[in-house]
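Protein sequence lines, in the order shown, are assigned to chains A and B. Each residue of the first sequence is one higher than the last, beginning at 20 in the working numbering. Each residue of the second sequence is one higher than the last, beginning at 22 in the working numbering.
Keep in mind the hints are simulated off the structure, nothing from the lab. Note that beta-carbon positions come from the ideal geometry of N, C-alpha and C, so glycine has one too. Possibly wrong hints are sitting among the right ones.
Said to hold, decoys possible - Quick partial rundown of chain A residues pointing at chain B, CB under 8 Å, derived from the structure:
1. THR352
2. TYR357
3. SER360
4. ASN416
5. ASN418
6. SER440
7. ASN453
8. ILE460
9. ASN464
10. LEU498
11. PRO724
12. THR728
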Amino acid sequence: MNLKKWTAFVNNALWVLNPFLLLIAFFSEKLKLGMYLEWLGKMHPLFLHFPIVLGILIGIYYLVDKKGSVDSNKLYPILVGNAFLASIVAILGIFISKQDSYDDSLIFAHQWGGIAIAMIGWGLIYLQQYNQRFKSNYILRVEFSMVYLLVIIIFTHKGAQLTHGTSVISFPQKETAENTQIIKVVTDSNATLYARAVAPILQQKCVSCHGTDKVKGELLLNTPENILKGGKDGDILTANKDKEAMLFERIHLDITHKKHMPPDGKAQLTREEVAILSRWIKAGGDFKTKMNELAKTDTLFLLANKYTPADNTKVEVKTGLPDLAEYNSNYCTVNYLYYGSDAIDVNFFQGTFYSRDVLKKLEKLQDQVLRLNMQGMPLTNEDVNIISQFNNVESINLNYTKLDLKTLEPLKQLKKLKLLSICGLKFTESELTNFLKGSTIANINIWSSVIDKTQLEKLVARYPKTKFTIGDNMESEVLKINPPTIDQDSSIITKFLDVKMKHPLNGVTIRYTLNGVDPDSLTSPIYKNTLRLTRNANLKIKVFKPGWIGSDIIQRNFYKSEIRPDSIYLISSPDQKYLGNGAKTLVDLELGGSNFTNKKWLGYKDTTMKFMVNFNQPRVLHQAFLNSLIDVGSYIFPIVSISVEGSNDGIKFTKITETKFPYELTQKDVMKDIKTFTVDFPNNTSYKHYRFTVLNVKKLPVWHPGKGTTAWIFMDELFLN
Amino acid sequence: MNEFLEHGLNQNRRKFLSKMSLGLGGLALGSLMAPGLFNASNEDELFANVLPHFAPKAKRIIYLFQNGAPSQLDLFDYKPLLQTMHGEELPASIRKGQRLTGMTANQAKFPLAGTKFKFSQHGSNGAWFSETLPHLAKMADDMCIVKTIYTEAINHDPALTFFQTGSQVGNRPSMGSWISYGLGSENKNLPAFCVLLSKGKGNGQGVYSKLWNNGFLDSIHQGVQFSSGEEPVKYLTDPEFIKRGDKREILDEISALNQESYKEIGDPEIVTKIQQYELSYRMQMAVPEITSLQNEPESIVKMYGPECLVPGTYAANCLLARKLSENGVRFVQLYHQGWDTHGNLPSEIVGQCKDIDQSSAALIQDLKQRGLLDETLVIWGGEFGRTNYCQGALTKDNYGRDHHPKCFTIWMAGGGVKPGVHGETDEFGYNINSLPVHVHDFHATIMHLMGVKHEEFTYKHLGRRYRLTDVSGNVINDLIS
């Protein structure tokens, strides 16, 4: 037969197929299929591609062919073929819909949509053959094909959703919390075995085909009720004497077996998961057994306890209580009091960032808030009104919230309120009295730095039923103020030195003297911002503040380094560990500080310290100052004596002076200090060379741990005048 | 094992991290609040650590650690027998072969040394205090004095490590790190664990940063040591040409780079770094108002003593601790050095007590009057006690004491402890007669006060589960009100 005849045959066949299609569509519930027709129905997903592609191509053709250049006779077989395929596929679709349960609404739309596609395709044959307007009017053809294409796309899409799930062709989405698959795992101590291990497995591996999106085999595995109901083949949990339970059997079948579950190509169960499900079924497949009812040595318990869903899933640990994350912010923490409790603990921090909306949001939890901390928040009566809705709150902290007691009136209606903290709030006696009237709050903290303590005590004595914490304002205490600090390391004056002094408290007066007399609060000069020293000074400072006892006196010596030697060298070498910077250390104008290992100090122990100071021209020296460290605990003791000899030729030396320092240290004395030893030169003879010998303590005293051994001396600067 | 598994499963990491791109604040927030849930390096711990287990009594801890071991016999444990037997030999029946440190093991004699200080009783429980602690004596009714703490360690390093980490062997997380890991910080703008150091003039022993180390926990749980100078936290203010918004953008960019790096390498330190940048960004806003001691009213200054305004002193640290704690820092730890009175005890201990007496008492009072004492646990104590016999030469007025682990005194206040005097030592002050409290028991009790079951709060590392109390420790109910 040739094409023409085939086309005619098929065209006529359509007059049988389409009414048949409508018939079985309308009466589909009554339809019962045999084995071969069932098999045929399974061909629907295969054949549907042909009419879809053909239909779309036809639609596109009509869109692009403005002039209708293709002859109707040529189009005729194509259109007939298209209609035929569409009808066959629709019939097959009806067959397949009888076999598995699908979502009813999707089925309905898809089925009738498919039928519509077949009908439109059928009608198109006649439009193209006989309708003049259609053949000549391009616009009409465009409208037609738009409708045709749309119908095809929409209703076949529904078909895709049936097979692959409702999100089959949707736009790519960032994986957010909403669309990540969430496996809920309940782990609190009261969790049932089912909730802990069985349900998550089913949810992750089974529900995609046995859930609300698709209901394969008429079996739903998403809730206990549905599991018990079973599916097309009946109950899946019970075994009988011939067979195992169906669920048990299916998961144990070899993967090549047709009935193996999950089907080949989908995510498979792990060994542990198979073990859990099998043992659960063998143990009775019970939904109510709790985890804590199982023996801790029970393999099922151990497996279930260890079970965690595989990767690619987000795990949500549920206590059954709603998550509080939405109420938390950077400046407000909202937590359950403890894991499993529904009582809530609220804390606000950083008053500058306070936002009333955050508090307002908590109204949703108003019955659960047990403790509320709003210390330091800038509150107004609006906030108090919100707070007074927290019916079950037991403790509220409103310290430093700058509220006044009148505004707090609404709080009195909170019957469960046991503790209220209002430290730092300002109030008068009468305001407090009014507030306390009719209040049932058992504990109130009202420490305040502005209200007189005795006054408060009298006031609260009138309310013996309420426990007050008043605290102490220390008004009656008069303490000694701490001494000021001199903010300077250097004690050396080159041309001048600006001394900076500091004290941490406000409102203090620092008084100083330079003449060695102790400063007093009336006559001594006041230190303003800076003090300039130009010559040697013995600075004494003392701090005064009204209401405080004056501080201890701080003393510091400042030295003007007028004369610098032209050269200096060490005759005897310091100890290897404390070489410092050689002789330069003594004249580098850098004080060593209290750490004697910092290479700014020269340390001598077993060798006697000797050094030579040289001038190019003979000079008279009046005074020499040696700055030295005392650190009793580290065996560093004061200098015993300094002797100086002078010479003009470097060979013959004359003794100038020897100064002894009878410095008896006892155990109680200061452990660490920096002290300057002064040598006065009696006569005015000038020399070019001066040789210094500095002696250290040869035997440490009895009370010292190193008694009997030699002490150290440490020197860091030499000043000459 | 888990680390390997998970590096191979980088796929999982990427999914996990995509949550990070939703907002850094979110990540730091989560981890600061309930860090266990974010510790993805240990998947099976996800379920174990959701704390607190039950209603806590204390929400925060301030631990005033007296480094060097204060002599309990001269402060809290009054033993008049030692005064009557001053100079006599320690009986072997009392010593029972207790091992000695290398410092006194070679002593020929062990003469008993009675305390030089006068003791008196205070408070409704008749607690004994020496004359060196007048301010603390006034707070006796709030103090839970435990005279019978004991340990096995006899030298500073292992003893300190034991107290801070629950084991004499190092490399375990410190108490503060456990608490930070379990409970997180209340205030997201501050670290959960802060450390403040100060030094007294007495014989000092060092403190090591391993004492506030995070061990095998994430390094975000490390104790944050504040500087002892004028600026407890340096570089808080940005340079003038960087505005806050700019800073935010800079941090976002840096964090994006770090995240990429993390996806490649998987080093958990990178996550910590991201979190720390985030935390320090917020600390810039939060810290200045907290560390500014200038605005404290004069009554506070008087209460702590005017030294509290001098940064770096113990008093200043106490005041700062109160401020940090009331702003939501879970665990503030102070270390005050200088208590190691092997010699010259009478003079050294007076200085030490002067450092701590007024301010420790003031801390209790301060918290109390703000209504915070019930939820803040204050702990004061050292790493072991001191011997009743003298180390070195004994004179009428001067003596030294060596280390003594078998009994010593710690006191606690607030946070649900029961005020009073607990435990009794024998009349020689050498052995415990009743209510022994081992370091593990001490830790277990503290955890209990914070609402944590110490046996269930574990972390799996290198194949076994660790906890602060290691494998022992009982909650001592006598200490809990």
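Results of checking the hints against the structure:
1. The restraint placing A/THR352 at the interface with chain B holds, with a minimum CB-CB distance near 6 Å, inside the 8 Å limit.
2. With 8 Å as the threshold, the beta carbon of A/TYR357 comes within range of chain B, its nearest partner Cβ sitting at about 4 Å, so the hint holds.
3. Here the hint on A/SER360 is kept, as its CB sits about 7 Å from the closest CB of chain B, short of 8 Å.
4. Evaluation of the A/ASN416 hint against chain B yields a held restraint, the C-beta minimum of about 6 Å falling below 8 Å.
5. A hinted interface residue such as A/ASN418 counts as satisfied when its beta carbon comes closer than 8 Å to some beta carbon of chain B; here the least separation is about 6 Å, so the hint holds.
6. With a cut of 8 Å, the hint placing A/SER440 at the interface with chain B holds, because the nearest CB-to-CB distance is about 4 Å.
7. Hint status for A/ASN453: violated, given a least beta-carbon distance of 22 Å to chain B, over 8 Å.
8. With a least beta-carbon distance of about 12 Å to chain B, the hint placing A/ILE460 at the interface is violated under the 8 Å criterion.
9. Using the Cβ-Cβ criterion of 8 Å, the hint placing A/ASN464 at the interface with chain B is satisfied: the shortest such distance is roughly 4 Å.
10. With a cut of 8 Å, the hint placing A/LEU498 at the interface with chain B holds, because the nearest CB-to-CB distance is about 6 Å.
11. Hint status for A/PRO724 relative to chain B: holds, with the closest Cβ pair at about 6 Å, below 8 Å.
12. Below 8 Å, beta-carbon pairs count as interface contacts, and A/THR728 has none with chain B, the closest being about 16 Å; its hint is therefore violated.
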